[in-house]
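Those protein sequence lines, which keep their order, are chains F and Z.
Per the numbering used here, the first sequence starts with residue 1, numbered consecutively.
Per the numbering used here, the second sequence starts with residue 1001, numbered consecutively.
The set of hints was computed from the structure by calculation and includes no laboratory data.
Be aware that a few hints might be false.
Listed below are the simulated BS3-like cross-link pairs for lysine-lysine, each with C-alpha atoms no more than 25 Å apart in a straight line [said to hold, decoys possible]: (1) Z:Lys1263 to F:Lys263; (2) F:Lys159 to F:Lys62; (3) Z:Lys1264 to F:Lys264; (4) Z:Lys1235 to F:Lys263; (5) Z:Lys1263 to F:Lys202; (6) F:Lys18 to Z:Lys1159; (7) F:Lys264 to Z:Lys1263; (8) Z:Lys1263 to F:Lys199; (9) F:Lys264 to Z:Lys1202; (10) F:Lys187 to F:Lys202; (11) F:Lys235 to Z:Lys1263; (12) F:Lys159 to Z:Lys1159; (13) Z:Lys1188 to Z:Lys1263; (14) F:Lys202 to F:Lys188; (15) F:Lys159 to Z:Lys1018; (16) Z:Lys1199 to F:Lys35; (17) F:Lys263 to Z:Lys1202; (18) F:Lys25 to F:Lys159; (19) Z:Lys1035 to F:Lys199; (20) Z:Lys1264 to F:Lys202; (21) Z:Lys1011 to Z:Lys1025; (22) F:Lys263 to F:Lys187; (23) F:Lys27 to F:Lys11; (24) F:Lys264 to Z:Lys1199; (25) Z:Lys1264 to F:Lys263; (26) Z:Lys1264 to F:Lys199; (27) F:Lys263 to Z:Lys1199; (28) F:Lys199 to F:Lys235.
Per the computed footprint, the stretches of chain Z lying under chain F, defined by three or more beta-carbons under 8 Å from a beta-carbon of chain F, are [what the hints assert, rightly or not]: (29) 1159-1169; (30) 1238-1250.
Which chain F residues face chain Z? A few, computed with CB under 8 Å, are given here [to be verified]: (31) Gly140; (32) Gly142; (33) Glu245; (34) Leu247; (35) Asn248; (36) Tyr258.
Glycine included, each C-beta is placed from N, C-alpha and C at the ideal position.
Protein chains: 2
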Amino acid sequence: MIESQSNVQIKYLQKLIKNSRFRRKEKCFVVEGWKMVGEALRHHLVSKLYISADSAGQLREKVTEDEFAVIESGVPTELLSENLFRELSDTVSPQGILALVRMPEYQRSDFMESGQAAVLCLENIQDPGNLGTMLRTAEGAGMSGIIMSSDCVDLFNPKVVRSTMGALFRVPYYICEDMTTEVERLKKEDYSVYAAHLKGTKDYTEEDYSGRVAVLIGNEANGLSDSVAGRADKKVIIPMEGELESLNAAVSAALLMYEIHRKKHA
Amino acid sequence: MIESQSNVQIKYLQKLIKNSRFRRKEKCFVVEGWKMVGEALRHHLVSKLYISADSAGQLREKVTEDEFAVIESGVPTELLSENLFRELSDTVSPQGILALVRMPEYQRSDFMESGQAAVLCLENIQDPGNLGTMLRTAEGAGMSGIIMSSDCVDLFNPKVVRSTMGALFRVPYYICEDMTTEVERLKKEDYSVYAAHLKGTKDYTEEDYSGRVAVLIGNEANGLSDSVAGRADKKVIIPMEGELESLNAAVSAALLMYEIHRKKHA
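Pulled out of the complex, with its shape left as it was, chain F reads as follows (with noise of 0.2 Å):
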C-alpha cells in the first residue's frame, strides 16, 4: 500500500492532474470515479488502477462483468492509503477509485468523410464545465465529432472530464492550430460552416443543415473571432427575449446541435 505523498507514482499523478502540458507529453490523464472508471476500462485505455484501502473491497461489485474481465487481463492495481487518496482527489466525497488513462486518440479523417458529417468547432472555451458539456451534450445530439481550436481549456483537465460524464471516450475530437485555416479548409471540403453569432442574420432553426455541416461556437465573454466569424458561410442567431446579452455557449451550442439532429431526422 503506497501512503506517502513523496512517491514516485503518485508524484506523476499529481503531475498529471495539475498540468496540462505535462498530460499532453504523456498522452495521459487522470479519471475518478467509479463510472468515468468503468469507462475508461471498457474502451481499454486503463493503464494503472489506484484504490483506496476502504474501496478495494468493493472493487468486484462496483464494476460490471466485462470491465472486470479487463482488468484481469493485466491492469495493474495499486492501494492506496485513505488519507493518500483524498489528498489525490479532486472531488469533495471522493469515491475510492482512481485511474491513470490513456488519451484516446482520433485522425480528423476518422469523422469528418461521411457525407451528412456534423461537426462542433470551438473557438478559445475557457470553462471546463462548458467544454465537458458541450462534449456531453454533442454525444447526445449525435455529432459525428468535435473540432477545438488549441487555446480552448485542455479536454483533458479533471473538471472537463468529469463533466463529459464518459462523452470524452465516445465522441472522436481533433485539435487545430488555427480555427482560420480550419474554416477554409471545411470550406474546400464542402462543409456548410454556421457561425453562432449575436450579429447573425438568420434565425438558427430556419436553416435546413443539409450535407456536411460545422457549426462554430466562440468563447464565452468574447464569441467568435472576428477573422473566424468572416469566414463562416452563414451567420445564425438564436432569439432572445428580455435584456439579454447572450446565452451561455453551452447552452448555444446545445440548442444548435439538436437542431442539426432535428433537421437530419425528419
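Place chain Z on chain F using the hints.
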C-alpha cells in the same frame, strides 16, 4: 477607508456571502463586478456600494449615466483597501466593486396569470452554475418566471448570481415549499404540466405547448422525484444518440424552454 476584516460592515458582508439562511433572514445579498452592480442600481435595489481604493477613480466611467444618477440620488459608498477587497471577493480577478443588494421580491400572481404563461419549475437543483444558467436561458426564451422547490441551491449564492448574467434581476421567481403540492395547484390553474423525463413517451418537439404551460426539471443526478413526475400531465423525452445516460439539467431545460418559445411564436 475600511482596512480591517474585523470591521462590522465587512463581517456582515462576509456572512451574507457565505450563509444562505442569513441572506434569507436579511433579504439581502452581495453582488460583485461592474455589470451586475449596474443592473442592481438600475433596479433600485442597492443599499450600499463598496469600492476598492484603486477602483474608486473609475466609478464615473464604469457605470452608465442612469446608474450614476441612482448613486447620486443617495446610495452610500464605502472605500475598501485593496487587500481587504481581494479577501472579500469571490473571483480570481476582482473588478474592485461590490454592492449590498436587496432581494427582488415577487408574488406568485405577478407572473402566473397570463393565458399564455410559461413557467420553469425546478426540483432540487444543486449546481449553482446550472441554476444560474437556467435563469439566464429562461429570460432569453421569454419564460414568464421560475418556480423552485425550497431544496434547490440558493438563488442568491454568489456563483448562481454571477452565472445569471443579470437575469436574476429580470426573471420573476417563486419558492414553493413542496413541488408535489405545487404541481397539483398548477393543474387546477389550467396549466399543462410537462415533465422532462428519461422515461418520457413523447418527443419534446411533438407537443404544441399552447395555453399555460409549466415544465418540470429535476435534480442533476436523480431527475424528478416519482411523486412530482407522476403528477405531470405528460412526460416528454429529449432524444439522445450514443450511450449517454442523460443530458445536463441546464441543457435539458434550455431545449425545452426554446421549444416552448418556438411553438408560442410560430
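| query | Taking each numbered hint in turn, which are not upheld by the structure, reported in ascending numerical order? | reply | none
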